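J.: Spelled out, the chains give:
There are 2 protein chains.
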Amino acid sequence: MELALRGRIAIYFDNNDKLHFVKDPLILIEENKIIDIGMYSKLKKEIAGHDIVGDKYQLLIPGLINCHTHLAMTLFRGLADDLPLDIWLKEHIWPLEENLNAKDVYRGCKLGVIESILAGVTTANSMYWYPSSEAEAMEEIGFRGLIAAPVITGITKLEDAIEIVNKHHNTAEEKIRVTLSLHSPYTVTMTDFERSYNYLVNFNKSCNEKSKLLLHTHLAESKNEMRESKQLNSKYGIEFPDVKTPTELLNNIGILDDNLIAAHCIHLNENDINLIGSKNVRVSLNPLSNAKLGNYMPPIPEMISKVRNVGIGTDGPASNNTLDLFDTVRFLALYYKGYLHEPTVIKAKEVFKLATIGGSRALNWEGIGTLEAESLADITTINLKQPHLTPKINDENILNHFAYSMKGKDVENVIINGKLIMEEGKISNLDIEKEIELVEEITHRLLQ
Amino acid sequence: MELALRGRIAIYFDNNDKLHFVKDPLILIEENKIIDIGMYSKLKKEIAGHDIVGDKYQLLIPGLINCHTHLAMTLFRGLADDLPLDIWLKEHIWPLEENLNAKDVYRGCKLGVIESILAGVTTANSMYWYPSSEAEAMEEIGFRGLIAAPVITGITKLEDAIEIVNKHHNTAEEKIRVTLSLHSPYTVTMTDFERSYNYLVNFNKSCNEKSKLLLHTHLAESKNEMRESKQLNSKYGIEFPDVKTPTELLNNIGILDDNLIAAHCIHLNENDINLIGSKNVRVSLNPLSNAKLGNYMPPIPEMISKVRNVGIGTDGPASNNTLDLFDTVRFLALYYKGYLHEPTVIKAKEVFKLATIGGSRALNWEGIGTLEAESLADITTINLKQPHLTPKINDENILNHFAYSMKGKDVENVIINGKLIMEEGKISNLDIEKEIELVEEITHRLLQ
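These protein sequence lines are chains H and A, in that order.
Numbering follows the working numbering, with no gaps: position 366 of the first sequence is 374.
Numbering follows the working numbering, with no gaps: position 362 of the second sequence is 370.
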């Protein structure tokens with residue numbers, strides 16, 4: 009039997025940025041795709057042979073897309089909060105990571121995937137050690153994700169990263185992709201950036217769109233990034249005295265284009281924003297994590313007006329502290345209104361766009377982030393029959409609830425690639441309590 | 009049978025600002041009070057005759073305290089978001105309020121009380137029309153709350169407010185109190201403020217502490233408040249050419265003291281903050297609402313270092329958009345870190361304090377906001393066995409989860425005044441779906 013979904017209303021952007029509201033909707037799925045969406049009264053004749061999921065209280069939206077995270081860092085959630093960034097990283101996170109093994113990452117990532125699905129996230133772009141373990145966890149649960157083939161100067165080589173690409177890219181019924189993950193301009197030399205980019209461009213030449221690789225990096229996250237980048241490169245004999253920002257730096261070596269997904273993008277000047285926009289760089293904004301780490305805040309109102317390929321991410325659960333994209337949605341919708349004293353900036357429909365079709369563009373993953381016919385069947389349903397989502401008067405009112413009232417825990421059903429992964433709040437064949445215990449055992453061991 | 013509560017850990021501040029962590033705790037309740045709290049192994053001999061609530065996965069905290077809201081505004085949630093403040097208020101909220109009746113407020117408030125309890129809030133200070141309707145809803149469900157006896161110049165008189173005080177203050181087993189609610193310095197003349205204050209001081213002379221009245225007002229919420237206040241007072245022949253801020257204004261007429269609970273407190277200069285602190289004014293900070301309405305942000309880091317009687321509030325659900333105090337907790341913990349680029353500002357234990365014992369002080373309600381022996385038995389329990397609250401390694405780690413990961417929906421049990429109001433997520437004798445429908449019918453009618 010194929011799946012069909014019913015609800016009170018479906019909301020989605022199409023690829024031309026048109027916002028659709030479908031009342032009393034029916035979504036018909038075949039294999040891994042949405043084959044039709046429309047009013048139940050019009051489509052019900054096609055319903056034979058479909059199992060119906062949902063009821064008249066569900067909001068149907070595209071599965072949410074987390075454009076930048078480190079899934080396995082569930083292991084370190086809440087261990088060292090309210091600390092300066094360098095102490096947090098150097099005295100707490102890095103020493104813990106030194107003793108991690110592949111099995112630990114599998115467990116941590118699995119819990120991260122579970123947490124994501126419980127909150128209606130169907131795709132995540134995760135950058136972490138032991139990517140094969142992350143792939144294993146994602147595939148086991150049926151998640152859609154990007155894992156990282158890491159290149160860090162002096163630590164991991166391009167050749168090893170290529171092995172990861174060859175092993176995992178476009179596997180698991182094409183639900184898993186690999187990004188060539190060059191951690192940042194302050195941990196990877198420009199030589200390594202150039203070599204990796206050249207490999208990637210060659211790889212992509214022979215590919216159709218959905219087989220293309222992305223280069224994934226942290227860009228302009230910290231204030232000291234430019235200075236640290238100059239120091240690192242200098243050690244390897246590379247100097248760039250005239251370059252003033254990390255964005256300019258990547259542009260100068262010719263790698264600022266739509267092959268790149270850049271996370272954070274905080275310390276940008278106007279020229280940097282224009283470069284990123286005009287060169288169609290893909291961007292993941294992670295404002296909640298930036299706030300918590302005191303990393304300055306990205307120029308998001310300017311970014312969303314000038315950059316098309318922009319989505320949002322949670323960042324890792326050690327610095328957020330959840331994988332619930334609704335938390336980031338709401339924080340983003342609120343922070344800039346408070347900061348700019350401007351209640352009309354970053355409206356509900358803009359955050360909805362960032363969390364859905366924007367994510368599809370940021371990750372260059374066609375067919376997700378929308379509910380259009382022919383798109384991939386990644387769908388999240390939310391139970392609207394709850395006090396904090398009352399009243400439901402009209403389309404805009406429900407969209408406002410998405411931005412300002414909903415939480416991951418309101419999610420009831422999750423479909424990924426046409427499969428019902430979560431039904432009425434339960435992920436089948438999964439002992440969540442056991443997974444929690446296993447993660448806590450690992451964290452205890454790492455802290456010893 | 010009396011109640012006893014078990015859990016994994018209990019966390020609370022005592023009245024001397026000492027933070028307590030009790031592992032494997034047992035809380036013994038008799039009638040409406042906590043008679044003892046300690047480790048289970050030590051207290052278990054006293055457990056006979058008690059019904060046990062909770063399990064080894066619960067975090068036990070004081071019931072959360074919402075220091076400023078407008079409960080019945082659930083009726084207007086999400087109807088007009090992302091708009092400038094004056095358009096929101098004058099073109100949307102006020103016209104809807106014109107057609108409200110007492111029954112509507114009862115329904116709206118009842119849903120607000122339900123939403124609050126579902127999110128672990130056990131006390132709320134609500135300012136709204138038809139206060140008898142709010143009292144009725146609170147009493148019916150067993151909530152602890154303050155309702156408003158309104159004084160607005162030209163609209164409602166002190167004499168009518170006094171009737172409300174006489175009818176409702178310290179009723180419902182002392183769970184309901186009344187505040188003399190003088191809406192703001194721009195809607196109430198200084199003459200009316202003085203008259204009301206004089207009545208209140210006389211009233212309080214003859215009272216013990218728990219029978220005292222508070223004067224409740226919005227203070228320094230909008231940028232135009234001083235100008236509008238001068239205009240209003242001028243109409244009634246009152247001039248104060250030398251006064252520069254609303255806080256100074258209230259101080260000049262001698263009413264800035266611990267009889268006052270002031271909500272918002274955004275537009276304060278250093279002198280204002282010192283005045284509020286030194287005169288022990290009670291304050292409700294509502295940063296999430298302030299951000300959403302673009303009302304500038306209050307100087308919270310300075311306030312919490314200089315003002316003792318300070319708690320937090322959600323403000324009304326038309327401008328937040330929820331009554332979930334965890335939303336405000338997290339936004340507060342994050343906003344100032346982002347704004348000040350300082351990850352160590354407003355730590356987890358500070359927001360926990362604001363949401364608990366701070367609320368008790370802000371509302372001058374002794375015995376709530378703590379779990380000390382002899383305090384009132386208002387207790388919230390949270391299920392820690394969830395992916396987004398993993399791992400649980402030590403005391404601080406769990407407190408970090410309170411600030412950065414928990415949500416209202418994680419709450420499992422709620423006790424108010426010694427009574428189990430919510431058990432395992434269910435409020436007994438209540439058809440929530442019916443309440444939702446009734447509220448939606450009212451909103452539809454008001455919009456016609």
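Hints may contain errors.
Given that identical chains are not distinguished, each listed pair holds provided it fits within a single copy or across any two copies.
[Unchecked claim] Under the rule of at most 25 Å between Cα atoms (straight-line distance), these lysine to any residue pairs were calculated in the SDA-like manner:
#, residue 1, residue 2
1, K175, E202
2, K31, L455
3, K26, D44
4, K252, R453
Everything labelled a hint here was simulated from the structure, so no lab data went into it.
Please read all numbers here as calculations on a predicted model, not as lab measurements.
J.: Indicate, hint by hint, whether the structure satisfies it.
T.: Structure-based check of all given hints:
{"no.": "1", "hint": "K175 / E202", "result": "within (23 Å within a copy, 78 Å between copies)"}
{"no.": "2", "hint": "K31 / L455", "result": "between (52 Å within a copy, 20 Å between copies)"}
{"no.": "3", "hint": "K26 / D44", "result": "within (17 Å within a copy, 60 Å between copies)"}
{"no.": "4", "hint": "K252 / R453", "result": "neither (43 Å within a copy, 60 Å between copies)"}
Checked against the numbered hints listed earlier, the structure breaks hint 4 alone; every other hint is satisfied.
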